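Trainee: Sequence:
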Amino acid sequence: MAEAWPTKPVRIVVPFATGGTTDVLARVLAPHLERTFEQPFTVDNKAGSGGNLGAAEVAKAPPDGYTLLMGTVGTQAINGALYASLPFDPVKDFAPVTLVANVPNVLVMNPAKMESAGIHSVLDLVKYAKDNPGKLNMASSGSGTSIHLTGELFKAMTGTVMPHTPYKGSGPALADLVAGKMDVMFDNLPSASPLIKSGKLKALAVTSTTRSFSMLELPTIDEAGGPLLKGFDATSWFGILAPVGTPLEIVGKLHAEISRSLGTEAMRQTMLAQGAIPSGMGSAAFGRLITSESYKWAKVIKTSGAHAQ
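Numbering-wise, my numbering puts 301 at position 301 of the sequence shown, and it's gapless, one number per residue.
Just so you know, the hints here were simulated from the structure itself, not pulled from any lab data. Since this is a predicted model, take the numbers as computed values, not measurements. Treat the hints with caution; some may be incorrect.
[Said to hold, decoys possible] In silico DSS-like cross-links for lysine-lysine, where the CA-CA straight-line distance does not exceed 30 Å: (1) Lys113 / Lys92; (2) Lys46 / Lys197; (3) Lys181 / Lys135.
Make the full structure from the sequences, and use the hints.
Mentor: What follows is the structure, encoded as structure tokens:
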């Protein structure tokens, strides 16, 4: 069976709404897979419950290589500690295929809110939030996502209060941020980048320990946040996974082709321009990453007191 795969369309489940980075990366990758395997690779958005609905659907799918997940640090390494129970096991129910990309988050605000509040920097944001507890509303792509938890880490380190509103993906959250219904968001850089470049949102800093290739002018939160935010590091990652039990031959074929496409100059430049750093990490190494990140974020969740809504 594995030798003949694929003989019909393959579905890539994105567990968030259209417009977010998970969706963007899946749609960038799908055409490359279609050309190589000569079968449609369709992107199917199944948003809800911080990515858990879509992830659960893939976990329960037949392990035949025809249903894949574009998993995230949220679905695979955060939600297990954030939710009291999950309809799947983030480690045991999946066969890691490959890490597609690492992506820094970016701290963005509604420009009108910044102007009215006199916020021009990360330090200004911290001061305003401390002086006006509860008056800045924080949007996220869903409870338990890296976007949510990055904000919780920021609040925990600064001792600030910003009420959290989860959405079903970055797309609708960003729309309300632009409209002024929300004030602050720690979004993935690729999905926020067009709105930053158009001036509809204002970026204050990136959440990685190094500056982003696509926006070198932006400082890191570690650089810009003063003593309270020294060492701040919250990077999102995205990877392809299959249901556990998927034949190793299929996993190997997928990894080889995804890794090859990520290594092309055209794909590399496309991803870097959006703020994503292409990977292509193998199955075993990706599995180890999931385990280590699970431990890391479990500690952050415990320290910050974050919980799913």
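Trainee: State for each hint whether it applies.
Mentor: Going through the hints against the structure:
1. Lys113 / Lys92: Not OK: Lys113 and Lys92 at ~44 Å, beyond 30 Å, violated.
2. Lys46 / Lys197: holds (29 Å)
3. Lys181 / Lys135: holds (12 Å)
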